[in-house]
Amino acid sequence: MARQEKKKDVVIVGLGWTGSIAGIELAQEGLDIVALERGHDQNTVPNFEYPQQIDELKYGVRLKMMQKPSQQTVTVRRNGDETALPYRQLGSFLPGNGVGGAGTHWNGLNWRPQEVEMRLRSYVEETFGADIIPEGMNLGDYPVSYDELEPFFTQFEKVAGISGYAGNLNGEIREGGNPFEGWRSEDFPMPPMPTTYDSSKFRDAATAMGYHPFPASAGIASTSYVNPYGMQMGPCNFCGFCERYGCYQYSKSSPQTTILGALKRYPNFEYRTQSEVLRVELAEDGQTATGVTYWDEAAQEEVFQPADIVILSSYQLNNVHLMLLSGLGEAYDPLTGEGTLGKNYAYQMNGGISMFFRDEEFNPFVGHGANGICIDDFSISQNDFGAEGFIGGSYWRSGTFNGQPIRNMPLPAGTPSWGAGWKQAIGENYGHAMSIGSHGSHMAYANNHLDLDPTYTDRHGRPLMRMTFNWQDNDLKMNQFMKSKMEPLAASMNPDSMRSGFKGEGAEYDVRPYQTTHNTGGHIMSENAREGAVNRYCQSWKAHNVFAMGAGNFVQNTQYNPTGLVGGLAYHTVNAIRTQYLSNPRPLV
Amino acid sequence: MKTFLRIVAGLALVGVVALLAFIFVPVQRTQPAEALAADWEPAEGQGEYVLHASDCVACHTSDDGESLAGGRAIASPMGTIWSTNITPDPETGIGDWSYADFRAAMIDGLEPDGTHLYPAMPYENYRLMTEEDIRALYEYIMTEVEPVSNEVQETELSFPFNLRFGIRAWNWLALTHGPGFTPADGPELQQRGQYLVEGPGHCAACHSPRSVFMSQDGVTADEDSFLAGGVIDGWNAPALRGDGTDLAKWSVGELAAYLATGRNAHSTANGEMGLVVEHSLQKLTDEDNLAMAAFLKGIDGDAVDLPESFATAAGAIEVPAADSAGSGTTEMLASADPDMPLGARLYMDNCVGCHFATGKGAPEIFPELQGNSMVVGSETMPLISVILNGAEVPSTAKRPMALRMQGYADRMSDDEVAELVTWLRGAWGNDASAVTAADVATVREADHGH
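Residue numbers (the numbering used here), protein chains in the order written: chain E, 1 to 589; chain L, 1 to 450.
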């Protein structure tokens with residue numbers, strides 16, 4: 001018999017970026033709120049303090065900040081003919097753990113999608129014709145437009161403290177910014193970060209080829225900063241410990257630096273850590289949720305937490321898992337296309353080139369996660385899909401983000417991977433390499449999806465979630481296109497040698513090496529209940545008092561890092577709750 | 001000879017009688033110049049506000065104790081004084097005190113039975129409060145504070161400080177002013193600031209020097225020594241007036257922001273001042289913090305520029321570059337020369353990330369070390385303690401982030417901390433004395449909780 005807690009107005013599942021946003025915005029309404037967090041509590045000091053935090057072995061290699069697979073994981077297969085096996089050792093993607101979630105250990109790359117990415121199917125049909133859409137691609141429009149989201153992108157960027165330079169300010173294209181970005185109603189909250197040597201070298205080469213370089217949009221403070229909640233960030237010192245680490249310097253945008261201190265002052269807000277939500281409970285008629293049941297790690301028992309509103313703000317994989325387990329929609333069937341939960345799981349298609357310059361010093365240890373100069377000349381809005389034979393695009397970036405010696409030791413092609421030759425190559429090449437990365441879109445396909453595993457269960461006896469995912473020709477073609485454009489640019493910089501890394505035709509998904517923690521889709525937004533799991537306000541079509549935050553809402557993945565869109569959608573959703581839902585709880589669409 | 005002996009005996013008798021009278025004749029309570037009307041009632045919230053402005057909570061609450069239930073150890077040069085329970089619990093608190101009793105404690109430093117309070121209770125300052133405020137505070141404590149039964153430890157000072165009747169004589173020296181508030185000429189805002197600073201805020205208790213008898217030297221604004229700087233529990237309470245002080249460099253808005261949030265463009269509040277911000281100042285209105293800032297900035301007759309607001313959600317704030325006094329140090333650090341002094345190397349390894357080669361830190365978050373009164377103060381314990389144990393600026397309403405700096409006690413030896421502190425006290429134009437490893441060891445052993 002589960003223990004029962006006192007009823008709350010709102011229960012928040014997961015206290016990362018979107019849980020913190022929902023918490024503070026709804027706390028301002030005076031609602032009684034509890035946030036349930038699976039992991040531990042953490043603060044800048046003592047959890048991220050210097051110098052303990054900058055330990056590459058502990059955090060970079062042994063992944064101390066991440067979810068433990070024994071605690072929670074997925075099974076993975078590449079297609080319906082394979083038997084999925086548990087993801088027992090973290091590799092391809094790294095879900096975080098603890099208060100702040102992925103917002104504590106990200107790189108700080110904060111992007112808005114392009115306007116056309118929000119209405120990609122319509123754009124493709126209008127511009128190139130529906131017949132270029134490959135068989136099996138679930139190409140869709142988001143049910144909310146860029147223009148509608150713009151105020152909420154701006155709001156999130158002000159809260160999160162983003163550094164950059166607007167290239168499109170209310171439609172005016174500004175020299176030095178990104179001319180291909182969506183319009184901004186205001187310039188960035190902070191000026192762009194200073195530029196490292198490799199970035200400036202890339203900028204010069206890109207300019208010479210007629211491209212349009214601009215500074216990366218960084219969730220890293222370039223100055224002192226005070227956000228609208230009165231929370232503070234301090235200027236970054238380029239220590240190079242962003243991704244996989246918490247920031248000891250108060251410089252990286254995170255729930256800790258931008259929201260939690262303000263949120264914890266609300267007497268109507270509380271949070272419980274070591275509290276893992278197991279399922280959302282539905283009323284007998286199935287039309288609303290009554291609360292959630294969670295596992296109280298300290299008491300070693302199940303607890304029922306009743307609430308009027310349930311906010312699912314855990315990581316995308318966990319959100320989809322909870323919705324599948326709780327019956328918040330029908331599971332997606334790739335054969336019939338029926339059902340919505342688990343549909344349109346997507347990822348990211350990345351590549352890059354390392355360049356070696358014997359006589360140049362790049363000091364790679366001077367950097368940060370969102371360092372760099374970018375170009376968007378091969379982005380979705382710029383590519384001729386009809387001529388090139390793929391749908392998609394990427395942004396390119398060059399800028400050192402760390403010089404950590406265990407993992408960041410690029411060596412020329414043909415170097416022995418161990419022994420004296422390897423050692424010699426390390427001595428010759430460390431600090432003499434720079435790179436350009438291509439960060440590309442990933443479309444949604446009928447075959448790439450999430451459902452419940454028939455074999456494996458977790459420590460609570462729940463079926464694990466099963467990921468069926470493989471690379472598809474469309475995105476691989478996009479990647480090869482980027483290679484063909486990037487190699488001439490890299491060569492124009494006259495390196496002594498260079499080494500390309502782009503997946504090509506026939507490449508299959510390998511879950512072992514790290515790729516990116518941009519897992520998207522699975523509870524996608526849609527115009528109607530038939531096509532997706534939530535509506536334009538991220539409100540469950542099934543139970544109107546359940547709202548699902550995060551990248552699970554993505555119809556297909558964009559070419560950018562997801563946080564900007566996740567943040568914008570979160571503010572759009574809480575705004576709808578505040579202005580439309582609270583006064584009259586109902587399906588908003 | 002007989003006459004002489006008689007005179008001596010007579011004088012002795014007079015002395016004994018006087019002494020007995022000094023000890024046993026009850027002290028008269030000071031009466032109000034004008035009593036409040038019988039039907040006077042405090043304004044809504046007035047009493048609670050006075051409680052915050054008077055910072056009662058900071059002293060009368062122990063670290064893990066109930067609010068106002070006493071039991072906090074207050075270090076004094078005479079020994080430890082334990083704060084009392086001032087909740088309205090009749091047994092262990094002040095539940096059976098009449099208003100006249102309460103008023104006598106605030107104004108004359110007397111308990112209901114006539115026993116003298118130790119002047120750790122700042123009645124030297126509270127006696128400057130208005131009758132209305134004292135009454136409102138009493139009403140609030142009696143009717144709105146929950147009684148808490150908490151027997152606190154008796155204060156037991158060593159001889160002769162345990163002879164409380166001696167405070168009677170001390171009061172003759174200390175209580176030469178008041179009761180009641182006398183505003184200086186000037187705008188109403190500054191007068192309000194003067195009232196808060198002199199009376200409930202009892203700023204002089206720390207920021208004025210002490211006389212040889214340990215009474216406050218400078219209690220009211222008309223005295224030159226008022227807020228001229230003091231030392232409290234090993235901390236410099238910096239001068240709040242005069243050239244070369246932190247305040248002389250700060251604007252009214254920056255000072256108001258410091259009071260309300262414990263941080264501003266230059267510095268952060270640590271130690272005792274952090275507690276004042278946490279328990280008292282952040283709870284005052286913007287107008288009152290501005291009033292105090294305006295009063296302090298104008299105390300020596302300087303013109304006062306009032307900002308429209310302060311500590312707003314400011315957005316990006318530019319980080320200052322090195323100035324001429326600090327450029328030599330900045331360049332030396334930036335050279336990364338391995339032969340630089342050990343103190344400078346330790347700074348590069350441990351401090352430069354936040355406080356920067358300029359020693360300017362970053363506005364609102366990383367305090368400036370150049371010219372920082374804690375860095376160059378006569379008392380070195382606070383700086384050593386912050387390096388060893390870290391520091392925390394409390395979460396406040398307008399700046400909700402609890403800003404913590406971690407300690408380096410595990411990372412640096414006493415010798416290294418001494419090298420670092422000595423170097424800091426001479427860097428960027430700072431000019432203060434060296435410290436020794438023994439100084440550091442003393443602080444490390446004392447394990448100050450600041």
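Rather than coming from a laboratory, the hints here were simulated on the basis of the structure.
Some hints here could point you the wrong way.
With the Cβ distance kept under 8 Å, some of the chain E side facing chain L (calculated, not the full set) [unchecked claim]:
(1) A27
(2) Q28
(3) I54
(4) L57
(5) G60
(6) Y146
(7) Y165
(8) L169
(9) N170
(10) G171
(11) P189
(12) P191
(13) Q232
(14) C239
(15) Q249
(16) A262
Just a sample of chain E residues kept apart from chain L, beta carbon distances all over 10 Å, derived [what the hints assert, rightly or not]:
(17) E49
(18) Y225
(19) R265
(20) F269
(21) E338
C-beta: ideal position from N, C-alpha, C; glycine also.
Against the structure, the hints:
no.	hint	in the structure
1	A27	12 Å, violated
2	Q28	13 Å, violated
3	I54	10 Å, violated
4	L57	19 Å, violated
5	G60	19 Å, violated
6	Y146	24 Å, violated
7	Y165	12 Å, violated
8	L169	16 Å, violated
9	N170	19 Å, violated
10	G171	23 Å, violated
11	P189	6 Å, holds
12	P191	7 Å, holds
13	Q232	5 Å, holds
14	C239	7 Å, holds
15	Q249	6 Å, holds
16	A262	4 Å, holds
17	E49	4 Å, violated
18	Y225	6 Å, violated
19	R265	5 Å, violated
20	F269	12 Å, holds
21	E338	48 Å, holds
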